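Read top to bottom, the protein sequences are chains A and B.
In terms of our numbering, the first sequence opens at residue 1 and continues consecutively.
In terms of our numbering, the second sequence opens at residue 1001 and continues consecutively.
Just so you know, these hints were derived from the structure itself, not from any lab.
From a predicted model like this one, the values you see are computed outputs, not experimental measurements.
Incorrect hints may appear among the rest.
Using 30 angstroms as the maximum straight-line C-alpha spacing, the simulated DSBU-like pairs for lysine-lysine come out as follows [as the list claims (entries may be wrong)]: (1) B:K1034 / A:K323; (2) B:K1067 / A:K323; (3) B:K1131 / A:K403; (4) A:K323 / B:K1142; (5) B:K1044 / A:K142; (6) B:K1044 / A:K402; (7) A:K402 / B:K1062; (8) A:K184 / A:K158; (9) B:K1046 / A:K135; (10) B:K1067 / A:K403.
A few chain B residues that don't get close to chain A, going by computed Cβ distances all over 10 angstroms [to be verified]: (11) M1023; (12) R1056; (13) G1066; (14) D1075; (15) L1103; (16) K1131; (17) L1132.
Even for Gly, the Cβ is constructed at its ideal location relative to N, Cα and C.
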Amino acid sequence: MPFDINKIRKHFPILEEKINNNSLIYFDNAATSQKPLQVIERIIDYYKKENCNIHRGVHTLSQKATRAFEETRVKVKEFINAESSHEVVFTKGTTESINLVANSLGEKLLQEGDEVLVSAMEHHSNLVPWQMVCKKKKAHMKVIPFNDKGEIILEVFKPLLNSRTKILALSHISNALGTINPVKEMIAMAHEKDIPVLIDGAQAAAHIEIDVQALDCDFYCFSGHKMYAPMGSGVLFGKQEFLEMMEPYQGGGEMVDTVTFEETTYNELPFKFEAGTPNVESILGMGAAIDFVREYDLHEIRKHEEELLKYGTEALSRIEGLKIYGTAKEKSGIISFLLDGIHPYDAGTILDQLGIEVRTGHHCAQPVMDRYLIPGTVRVSFAIYNTMKEIDKLVGGLDTVKKMLG
Amino acid sequence: MEKEIRNNINQIINEFAGFDDWMDKYNLLIEMGKSVPVIEPQYKTKSNLISGCQSRVWLQAKYDGGKVYFAADSDAVITKGIVSLLIRVFNGMTPDEILNADLDFIDEIGLKDHLSPTRSNGLTSMIKQMKLYAMAFKVKEKAGEKE
């Protein structure tokens, strides 16, 4: 499909909405993306024609729904280039994926005095689960620092990998700064010491290409709702060898093979990690979202978002008293900034009056804000449907903000 | 609701009613923030910080002659405006008056779409904190009477 922005925007009915009598300008894509009609209709179709509990039924409906569900698993496998679809575990989102690994793998690998290595730019969801398991196992969390530009300092990273390091958990793209981390290089460095690596890809999916085999990561986590799919759909990719050695994180139906009062044997991969009825409509919606992204070609989407990033960075940099946080060489479509003397909450409140939806605050990455000694930032984050004209309106909006609050 | 609180609220509603444009309403709110009884720097402590706001809000209260007086500050000017509205409504009231107050007036000043009580603007937390102060003063006074 040719990359026609007007045509693309028509897929997203919410973009027609008015906010405080202004046309909606949605710049909060790092929090969640809007959904195209293809995804919305997939959910409706499922409830109209296919709704049924999957995997267990012998009847036609159940088989139909099961087939659609498992076909989506194959789509996800292709989307991230996994070797096998049984390495794809469906979860309700990145947070659940990380919690699953922190619990199941943490339980297996961590001993007293061991270390879990994370970066200083992690989202709380790639920090707190590790803190919790570290506390339980009397292990320690070590932190890889980043420089003023928001780039991980590789020279410091390398010596942090030692014989006590049992897991490296790292974001592919920082949600607060937009930095694209050199994950491939870092994974290779960790593997030299046999340290497994989990990548939090929440901000990467549908923005940059994900190839888990090329990265050679051991785990890769992402959420559907940030990649045009419904809320409550998520993925945990795990290499077979790791998923096999890990115990299930939750018990229930579907994840078992045989159950007696004395003992339970678990189902095969990936089902042993999918206890209970999954969020079928969301997962099917994620399949539709992957089709949508493929239709417009991820390379074209990335090119478009890179143009927005370049245009937005230049336009915002021209505003007097505006400082951008996160100026890494490798960045995705996220710009975090502050206006001199203006609290991000105030700026966000005024922008909202103008129909411009941005995120303000610490973006669930308080250590990042502490690093810069700031209370938070205003963050704009781009997606397939954003335009340069919208960025111009943001610049105009920031002028109003400055007039009212400066 | 007690008459005096109602009067304070009506006064604020009238001030805002003079403006149709959201920008003017916000400018008024920001101006009101500037007249809030400012909390002394030594009281800008962690314990006087209201949790649950996106900006920092410090609130302090004192009890004098059976009445409660508040002081506050915030690092965000709109938040400071919001807390100043609440202080104007509650300052000099008795703990009972504060505890019984119904606070739908934010809707009435025409900022309903802009200032609904949410976690981010902290309106709910501020009201809760003010009522907690009132409750604490009331309990303390009752304990004093018993002694």
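Each hint, compared with the structure:
Using a Cα cut-off of 30 angstroms, the hinted pair K1034 (chain B) and K323 (chain A) holds, with the two alpha carbons roughly 26 angstroms apart. As the CA atoms of K1067 (chain B) and K323 (chain A) are separated by approximately 46 angstroms, the hinted pair breaks the 30 angstroms bound. This hinted pair does not check out: K1131 (chain B) and K403 (chain A) have alpha carbons roughly 35 angstroms apart, beyond 30 angstroms. A threshold of 30 angstroms between alpha carbons decides the hint, and for K323 (chain A) with K1142 (chain B) the separation of about 54 angstroms lies outside it, so the pair is violated.
At roughly 33 angstroms between alpha-carbon atoms, K1044 (chain B) and K142 (chain A) are farther apart than 30 angstroms, so this suggested pair is violated. Pair hint K1044 (chain B) plus K402 (chain A) holds up; C-alpha atoms about 27 angstroms apart against a cutoff of 30 angstroms. Between K402 (chain A) and K1062 (chain B), the direct Cα distance comes to roughly 36 angstroms. Violation of the 30 angstroms bound is thereby established for this hinted pair. For the given pair, K184 (chain A) sits about 14 angstroms from K158 (chain A) by alpha-carbon distance, which is consistent with the 30 angstroms threshold.
Between K1046 (chain B) and K135 (chain A), the direct Cα distance comes to roughly 26 angstroms. Compliance with the 30 angstroms bound is thereby established for this hinted pair. About 39 angstroms separates the Cα atoms of K1067 (chain B) and K403 (chain A), which puts this hinted pair outside 30 angstroms; it is violated. Residue-level check failed: M1023 (chain B) sits 7 angstroms from the nearest beta carbon of chain A, not beyond 10 angstroms. With a cut of 10 angstroms on Cβ distances, R1056 (chain B) falls inside the contact zone with chain A, its closest approach being about 7 angstroms.
Every Cβ of chain A is farther than 10 angstroms from the Cβ of G1066 (chain B); the closest lies at roughly 36 angstroms, confirming the non-interface assignment. With a closest Cβ-Cβ approach of about 5 angstroms to chain A, D1075 (chain B) is found to fall inside the 10 angstroms limit, against its non-interface label. Listed as outside the interface, L1103 (chain B) is consistent with that label: its C-beta sits roughly 20 angstroms from the nearest C-beta of chain A, beyond the 10 angstroms cut-off. Look at K1131 (chain B): its CB is around 23 angstroms from the nearest CB on chain A, clear of 10 angstroms, so calling it non-interface holds up.
Residue placement check: L1132 (chain B) keeps its beta carbon more than 10 angstroms from all beta carbons of chain A (closest about 23 angstroms).
When held up to the earlier numbered hints, the structure conflicts with 2, 3, 4, 5, 7, 10, 11, 12, 14 and fits the remainder.
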